[in-house]
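Use these hints to put chain B onto chain A, whose structure you have.
Residue numbers (my numbering), protein chains in the order written: chain A, 52 to 124; chain B, 44 to 571.
Derived by calculation from the structure, the hints in this document are not laboratory data. For glycine and all other residues, C-beta sits at the position ideal for the given N, C-alpha and C. Since no wrong hints were added, every one of them can be taken at face value.
In silico EDC-like cross-links for lysine to aspartate or glutamate, where the CA-CA straight-line distance does not exceed 20 Å:
| hint | chain 1 | residue 1 | chain 2 | residue 2 |
| --- | --- | --- | --- | --- |
| 1 | A | Lys65 | B | Glu64 |
| 2 | A | Lys65 | B | Glu87 |
| 3 | A | Lys79 | B | Glu84 |
| 4 | A | Lys65 | B | Glu84 |
| 5 | B | Lys201 | A | Glu94 |
| 6 | B | Lys201 | A | Glu102 |
| 7 | B | Lys201 | A | Asp82 |
| 8 | B | Lys201 | A | Glu105 |
| 9 | B | Lys201 | A | Glu104 |
Cβ-to-Cβ under 8 Å is the rule here; a few derived chain A residues that face chain B:
| hint | residue |
| --- | --- |
| 10 | Arg62 |
| 11 | Ser83 |
| 12 | Leu84 |
| 13 | His86 |
| 14 | Val87 |
| 15 | Glu88 |
| 16 | Val90 |
| 17 | Ile91 |
| 18 | Thr92 |
| 19 | Ser95 |
| 20 | Pro103 |
| 21 | Ile106 |
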Amino acid sequence: MKEKVLEIISRVTKISIGELLIKEAEEKLWDSLIHVELVITLESEFGLFFEPEEIAEMVSVKKILELVERKAE
Amino acid sequence: MLNLSLQKLIFQNPSRMALMEYQPNGTKHVRIGIYRNHSFELIEHTIAPFLDFSEITAEFVYSDYDDSLTFFELDKTTDLLILWLDLSRYQTNNLDSFLHERLRILKESYKKPILAVFLGKSRSLNIPGIVEYSLSHHFERLGNHFLDLRLEAFSGTKLSAIACMDISKDLGLRYIPALLFPNLKAIVLDLDNTLYRGILGEDGYDKLQLSKGHIALQNTLKDLKHQGFFLCIASKNNEDDVKELFNNRLDFPLKWDDFAKVCCSWNAKSQSIQEISRFLNIGTESILFVDDNPGELISVNHDIPEIKFLLAQEDALKTQEILNSYPGLLKLQTEYEDTIRTMDAQANQKRAELRSHLSKDDYIRSLNMTLQYQLNNTAHISRIVELANKTNQFIFNYKRYSRSQIEELMGSSNTAVVTVELSDSLSDSGIICVCTAEKQGSIINITECFVSCRALGRGIDEIIVKGAIEVIRMALSGDSIHIEFQKGPRNLPAEKFIEHYLSSYVDAYSHWSYRFPDNLVNIKIEGV
Numbered sequence: 052m053k054e055k056v057l058e059i060i061s062r063v064t065k066i067s068i069g070e071l072l073i074k075e076a077e078e079k080l081w082d083s084l085i086h087v088e089l090v091i092t093l094e095s096e097f098g099l100f101f102e103p104e105e106i107a108e109m110v111s112v113k114k115i116l117e118l119v120e121r122k123a124e
Numbered sequence: 044m045l046n047l048s049l050q051k052l053i054f055q056n057p058s059r060m061a062l063m064e065y066q067p068n069g070t071k072h073v074r075i076g077i078y079r080n081h082s083f084e085l086i087e088h089t090i091a092p093f094l095d096f097s098e099i100t101a102e103f104v105y106s107d108y109d110d111s112l113t114f115f116e117l118d119k120t121t122d123l124l125i126l127w128l129d130l131s132r133y134q135t136n137n138l139d140s141f142l143h144e145r146l147r148i149l150k151e152s153y154k155k156p157i158l159a160v161f162l163g164k165s166r167s168l169n170i171p172g173i174v175e176y177s178l179s180h181h182f183e184r185l186g187n188h189f190l191d192l193r194l195e196a197f198s199g200t201k202l203s204a205i206a207c208m209d210i211s212k213d214l215g216l217r218y219i220p221a222l223l224f225p226n227l228k229a230i231v232l233d234l235d236n237t238l239y240r241g242i243l244g245e246d247g248y249d250k251l252q253l254s255k256g257h258i259a260l261q262n263t264l265k266d267l268k269h270q271g272f273f274l275c276i277a278s279k280n281n282e283d284d285v286k287e288l289f290n291n292r293l294d295f296p297l298k299w300d301d302f303a304k305v306c307c308s309w310n311a312k313s314q315s316i317q318e319i320s321r322f323l324n325i326g327t328e329s330i331l332f333v334d335d336n337p338g339e340l341i342s343v344n345h346d347i348p349e350i351k352f353l354l355a356q357e358d359a360l361k362t363q364e365i366l367n368s369y370p371g372l373l374k375l376q377t378e379y380e381d382t383i384r385t386m387d388a389q390a391n392q393k394r395a396e397l398r399s400h401l402s403k404d405d406y407i408r409s410l411n412m413t414l415q416y417q418l419n420n421t422a423h424i425s426r427i428v429e430l431a432n433k434t435n436q437f438i439f440n441y442k443r444y445s446r447s448q449i450e451e452l453m454g455s456s457n458t459a460v461v462t463v464e465l466s467d468s469l470s471d472s473g474i475i476c477v478c479t480a481e482k483q484g485s486i487i488n489i490t491e492c493f494v495s496c497r498a499l500g501r502g503i504d505e506i507i508v509k510g511a512i513e514v515i516r517m518a519l520s521g522d523s524i525h526i527e528f529q530k531g532p533r534n535l536p537a538e539k540f541i542e543h544y545l546s547s548y549v550d551a552y553s554h555w556s557y558r559f560p561d562n563l564v565n566i567k568i569e570g571v
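Same shape as in the complex, but just chain A:
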């Protein structure tokens, strides 16, 4: 699952997976519209539904990975 999430983040943000892993905990790697695209794509690919407070949390690669893994359980 982690690989698929990373691949989606990379395709949406157009940042390489290598760079995403280096900057895993870094916030503001993308703007608010890319943030929205990430939410929409992850929901569609994994059949998930994020609550507003979860959407607000998804500010770094690390937090997205944690959230998707938790929701998909």
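Chain B alone, transformed into the frame defined by chain A:
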């Protein structure tokens, strides 16, 4: 331009990611202004493949978020303006009058096409020259999924991602091409496995299957015919078999008379399409060719690359869905001339028969033609703009007038717009010529003149054009005329006409003298 993979991508429920990652190749580059009070970017993210199917590559130019609609920072160099407003942001009770006032001011300062898209209570402002695009059908289709308030804080719009995808498809395939480029003019159809299921030559007309999808597709085509598109057939069948099919299959919504031209031949379909193009006197770039056989499409693409293509699907409902969204088939306003077009083309065939055994003057008299010249008739503006933007051959300067430009020309005392309507004993052709002029000192400058191809070749071209100039001369009170002419890519017919009849008025002004011929055609003049 044939692009079967793109047709497949955009009409087979594409994922948002697939749309976002698409690399466009569109040939027509345009700049589109977005004047907004909520975000449009989610639309832009997925619109490229739809615009590419319309052969368009767009650059979007954004305003700041402006609820007050000041239009202070409006970029007037764009080719089209989309007014993108969330009306739920307004608290006023007088929203309609506020919008009327601001849009009127916008229309005065922005002379290119304007598309207004309102999110919120459905309303129709009916401001001439501003096209309104209603979101209500998306709301009806998506219900609770139309809005997504969770994402509003990040996306800047209440619209859901799925609504944005639907809207980008509609704008990219239908509205943006319709606002920027001329409509297509004809749809050339294959028969077997396109309009019905089966092979006419093998199965016989009585064994052909007409599914619900085929009925829906034929009804859509019939509706397009009523909107003014020519329907034609290019089929590898015997013509007698095809006639027998349409005479006997009364369950077919399409009838033999719905087709302006039927070409049945065993030659390459590109030859049939060229024949149709010559018969209708239209360019092949304004023809859509529909066939279920990719090999036929590839072959026609080789011979006529500028034509438009639709690969008909086994499920005719799918073909109908593609046709409903096909670029160049949305008419934002249907004119009287559109509804009479097929009858007029069919009457051309009868005119050709008459002409073959009569002298030119006897032929003209036998048709009992009437030319009606009208000065500055504002009821004609939509048709004038339509004709100005689609005439390619008999046109002096390709001025491509907008609605507001024609309104200005009609409203000023030193300019004039004359329309010419033509009818004869066989059909009514509606408005077929427009001539515009500006008086500069004592000289009348003919700034533009264009004639519909449907009126040419009836032996009255000289009366149509010189008559229009004469009516302008009467209206603007002068006797010296200068004619502006700009050689363009396809206006050879206009150039030859000028060489023959008006050459002394192009390089310098000359004294004008013209008298309508007696007893040849009926002449009516109004508004002078």
